[in-house]
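J.: Use these hints to put chain B onto chain A, whose structure you have.
Each protein sequence line maps, in turn, to chains A and B.
In the working numbering, each residue's number is its place in the first sequence (first place is 1) plus 6.
In the working numbering, each residue's number is its place in the second sequence (first place is 1) plus 7.
Read the hints as simulated data drawn from the structure, not as lab findings.
Worth double-checking, as some hints may not be accurate.
[Stated by the list, open to error] Short, incomplete list of chain B residues facing chain A, as computed with Cβ under 8 Å:
#1 T14
#2 A18
#3 L26
#4 A27
#5 S34
#6 I38
#7 G40
#8 L42
#9 R50
#10 P54
#11 T130
#12 N132
#13 A136
Note that CB positions come from ideal geometry on N, CA and C, so glycine has one too.
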Amino acid sequence: MAETHGHEAHGHDAHGHHEEGWFVKYFWSTDHKMIAKQYLLTGMLLGAVGAYFAYVFRMQLAFPNKPVPGYGLVTGADYNALVTNHGAIMIFWVAMPVLIAAFGNYLIPLMVGCDDMVFPRLNRLSYQIFLVSAIVLGASFFVQGGAFGGAWTSYPPLSAKAEYSLTSLGPTLWLAAVALEFVAFLLGGINFVTTAMNSRAPGMKAFDIPMAVWMIVIASILFMCSVGPLVAGAVMLMFDQQIGTGFFDPDRGGDPVLWQHLFWFFGHPEVYVVLLPALGFVAEIITTFSRKRLFAYRTVLYTTIGTGVLSFFVWAHHQFIAGIDPRMANVFSVTTVLISIPIAEMTFVYIATLFGGSISFRVPMLWALAFIAEFLMGGVTGIFLGASGADIYFHDTYFVVAHFHYTFFPIAIIGTFAGLTYWFPKMFGRHMNEAVNKVHFWVTIICFNGIFLPLFVLGAAGDHRRIFDYGNFPELSQPWMQDLRVFATVSLIVMLVVQPLFLVNFFYSMFKGKKAEANPWKANTLEWQCPSPPPHGNFSPLPEVYRGPYEYSAEGRADDFWPQNSPT
Amino acid sequence: MVRPIATTRSASGVPTGRLAVWWVLASEIVIFGGLLGSYLLHRLGHPEWATYAAHTNTWAGAFNTFVLLTSSLSAVLAHQAAEQGNGKKAANLLLATCGGALVFLIVKSFEWTHEIQLGYTITSNGFWAFYYLAAGLHGLHVIAGAIIMLIVAADARKGKDLQRVELIGIYWHFVDLVWIFLFPLLYIAK
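In isolation and in its complexed conformation, chain B is listed as follows:
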């Protein structure tokens, strides 16, 4: 397929890819906004949920927050390397970010296994339903982001489509940001 001229224009001055990623994030924000808004309203109406929330593992959540924030740092460094035209370095830094995603998911799976063994499942009550749904939806975003990042890294290693390093970075910061909201709402607020 020959690339249409439409794909190369930039009447707004913002590159098309970046513009589109921002619109994707705009629609993602309302998805998570709707979910977290629903959770908050329920939470305010059910003070007893605090006792359920006390069973979450705050230290595991804090560790995961640290891991995700660090992985965002390597995404920024990858963007910097891509700007300098260093595709190989950008690819390696993206792989480091993927490593962060992997650690995050592993910690998460230990947490969930433990909680399910204690009998707190998605059908237990409203709090646990929101807990598994919100964190699960976020986890799917982590997995999707990591897969896309592997594709972008493979291309970047060959010096192809370096602008995509920035785009996946923007998305990754968003995934990070969602967790920054989830962590206090699901773990800390007792």
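In isolation and in its complexed conformation, chain A is listed as follows:
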């Protein structure tokens, strides 16, 4: 335990210069930048796993009951396990670790101008628990009966009884993995919030904090306040599975809808937990590449807080047909439609920021603009589903699947690419190849729409989302419907085929790319005012802050940017 109390005056050079073994450096580091990279690489690896699952089950849907190259014949149980774990992995082991943990760890100390998190060892523990959770999830594929296949929402009674889920250990390991992942992010979240509250550089007031930090902090608070009931629910469900209690078993006085409440009380704020960091990255990127102040900084902040509060009152829109009281459905319809107002406002604010700016279409900017456009479609289709009447028809169709992929893909994939391409020079001190990234961008975006636009049409035609072979449903296996499924699957394959372009570019540029200067984008926030990549301890000396983060194109200055730490 480190008992020495450091002072602002000393302690800095001491830990910049001593040599560490490779194990300590890469696996036992307490440096926030290294932990961020651990989270990032783990998240990218699991992203590849999730993408592979999507490939396998999309192949089954397009070409039913034919062996899938690289997998083999997909059975019904396989299909369910793949869909379940695709969803769980993409949300809990890709979006969360990359958007919140990796970027939060990397950016918060740099953006608020200090040398590390306030609890560096807790930070290391958080990653280690996260890694264990990923291993437990992986282990669930190798138990008798295979991995859990009861959908990522894990509704009982399907998830509560081995005779329904056909695997006795799969669901329990899955729940244990999710619970461990929650513990990791609770530790991480407490660290993020306290770091942003307490370790800001001298002079950095609340409204001088960059939007990305605000958004990650608000997201962490949302997570902390929403996940608790599901932690309790996970323990209850685990007892139902393994000990034989009847918390969710109606035969024994339990209530299966209770699980749905506990799950979605967390599950819906979770959408905003991952959305907000992505919105924060977009704010940083569009101000930098349009050389303009963020339009209405305070409004964005208050809107974000409002969205966060409102997000606790919309959860039951996932349960309109679960047998809840219709009067309650009305209330949740209203709150659901209400929450589109702050999000729409955020979109307008970003467009207003672009207005009249000198826009340069660098790769991060392309991703940021694509985020706004694609997320808009996710938001608009959400209004169809939020209206409880329309939802009776749309519920559990591919319309829902397409809708939430139009929200989660922009968040988890577009947001991540935006952040990675923007902060890559800072993280690794080198530039990625811009031309390759542009090709990657356009193919990914076009293919993404190619996958999910047909699914809107199929869903509106009544395509149910939990069917693994449409051959048994003549009205759903008309030739035009099957053609659309094939089109979506082919789009997915093309999209997956171009991803190695980015990966090769990423790893090649990490070592061989063009050297980047400290502030290649001429940005204001503090992370660009230290060397690229930042050394141990980040800044020397630690910066002081004199102004807000978005003072671009200020009148009467020679430069069109004005770093937060520049005294004049």
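T.: Using the frame of chain A, we list chain B on its own:
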């Protein structure tokens, strides 16, 4: 490891450790809130649970409430001693609090043994499932708190990290408070 400067700053004016403990408690409140909310809704829908609740030992619960509240008092006194820089006295008072935790757990184990012998187990019905789960989760918090308290007391005896006496005290009051909710809900409400 040299302590980063980040750990020594306090831009909000609240010491980092205290701030973090409050955030821990915030997340704990929603965990217990979700559990107790679920219990309450079930309880309202099942009036017959009152007959099961009648089998709990209210006097043992009341005694445990008294023990926990008293242990919170010694935690407060330990904080006061730590503020005065008296690490040894703070450590002794923390040990007294741990003693309270031990008494609480012993009473609890007698209660549970008796109930299980009568055939009321976690799988008996909904009430007993919630009874064992909620009290068990609380018991785990008691055990964790006592272990942390022993570590803090050992350091405090050497005069090290006296600010931690306050932090474990805040946590202990929370554990206490959860019991204040559990006792009427599981024992008294018939």
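J.: Which hints, by number, does the structure contradict?
T.: Hints 9 and 10 contradicted; others consistent.
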